[in-house]
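Throughout the sequence shown, residue numbering follows the numbering used here, covering 1 to 140 in sequence.
Simulated from the structure, these hints should not be mistaken for laboratory data. Be a bit skeptical, because a hint or two may be false.
[What the hints assert, rightly or not] Label pairs and their calculated CB-CB ranges:
hint : residue 1 : residue 2 : range
1    : I12       : T85       : 28 to 36 Å
2    : Y83       : G15       : 51 to 59 Å
3    : I36       : A86       : 23 to 31 Å
4    : A26       : D92       : 35 to 43 Å
5    : A46       : F25       : 43 to 51 Å
6    : T85       : A26       : 40 to 48 Å
7    : S14       : K37       : 30 to 38 Å
8    : L47       : I12       : 25 to 33 Å
9    : N60       : E33       : 40 to 48 Å
10   : Q45       : T85       : 19 to 27 Å
11   : S34       : T93       : 27 to 35 Å
[Said to hold, decoys possible] Pairs of lysine-lysine, DSS-like flavour, derived with a Cα cap of 27 Å:
hint : residue 1 : residue 2
12   : K35       : K72
13   : K37       : K87
14   : K40       : K87
15   : K87       : K72
16   : K40       : K65
17   : K72       : K94
18   : K94       : K40
19   : K37       : K94
20   : K29       : K40
For glycine and all other residues, C-beta sits at the position ideal for the given N, C-alpha and C.
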Amino acid sequence: MKTLNDIINWIIQSGLLVWLFYFGFAVGKPFIESKIKHAKTTQEQALWELALQLAMTAVNSRVGKNISGQEKFAQAVAEVQSYLTAKGLHIDTKQIQAAVQSAYEMSMLTPTVNPNEKIDVKQAVVPAGTVKAIDPKEVA
1 MKTLNDIINW
11 IIQSGLLVWL
21 FYFGFAVGKP
31 FIESKIKHAK
41 TTQEQALWEL
51 ALQLAMTAVN
61 SRVGKNISGQ
71 EKFAQAVAEV
81 QSYLTAKGLH
91 IDTKQIQAAV
101 QSAYEMSMLT
111 PTVNPNEKID
121 VKQAVVPAGT
131 VKAIDPKEVA
């Protein structure tokens, strides 16, 4: 027992305990920081996917309504923003607008028409998957 007490006293008096603590902190800190960064990235990605799904639902629910496109866009943005706010999630309004615009362009229910092109009656419907979506990284 005396030998065990002598070993413990030597560890405390020699500074080995302090060195072990410092070494553990120096090695563990980058590991912990990388885990925190990964968790934030994953959380942001999930939040963006949720915003896109909400925007798609909001856009599809307004197809066929007898209101202007600007009103549909404003209502869809307001609906997505109010849902996210009610759940305690906060996204910039510009990003929500980008998500709604992207949902509008990806929706097969809402064809996109170029105003400079003459519309051929036989080709009035735009084939699915031909409209380029907005990249949210370029908007924000």
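Results of checking the hints against the structure:
no., hint, verdict
1, I12 <-> T85: 28 to 36 Å, "54 Å, violated"
2, Y83 <-> G15: 51 to 59 Å, "57 Å, holds"
3, I36 <-> A86: 23 to 31 Å, "27 Å, holds"
4, A26 <-> D92: 35 to 43 Å, "37 Å, holds"
5, A46 <-> F25: 43 to 51 Å, "31 Å, violated"
6, T85 <-> A26: 40 to 48 Å, "42 Å, holds"
7, S14 <-> K37: 30 to 38 Å, "37 Å, holds"
8, L47 <-> I12: 25 to 33 Å, "48 Å, violated"
9, N60 <-> E33: 40 to 48 Å, "41 Å, holds"
10, Q45 <-> T85: 19 to 27 Å, "20 Å, holds"
11, S34 <-> T93: 27 to 35 Å, "31 Å, holds"
12, K35 <-> K72, "41 Å, violated"
13, K37 <-> K87, "23 Å, holds"
14, K40 <-> K87, "18 Å, holds"
15, K87 <-> K72, "23 Å, holds"
16, K40 <-> K65, "39 Å, violated"
17, K72 <-> K94, "16 Å, holds"
18, K94 <-> K40, "20 Å, holds"
19, K37 <-> K94, "24 Å, holds"
20, K29 <-> K40, "17 Å, holds"
Hint check: violations occur at hints 1, 5, 8, 12 and 16; the rest are consistent with the structure.
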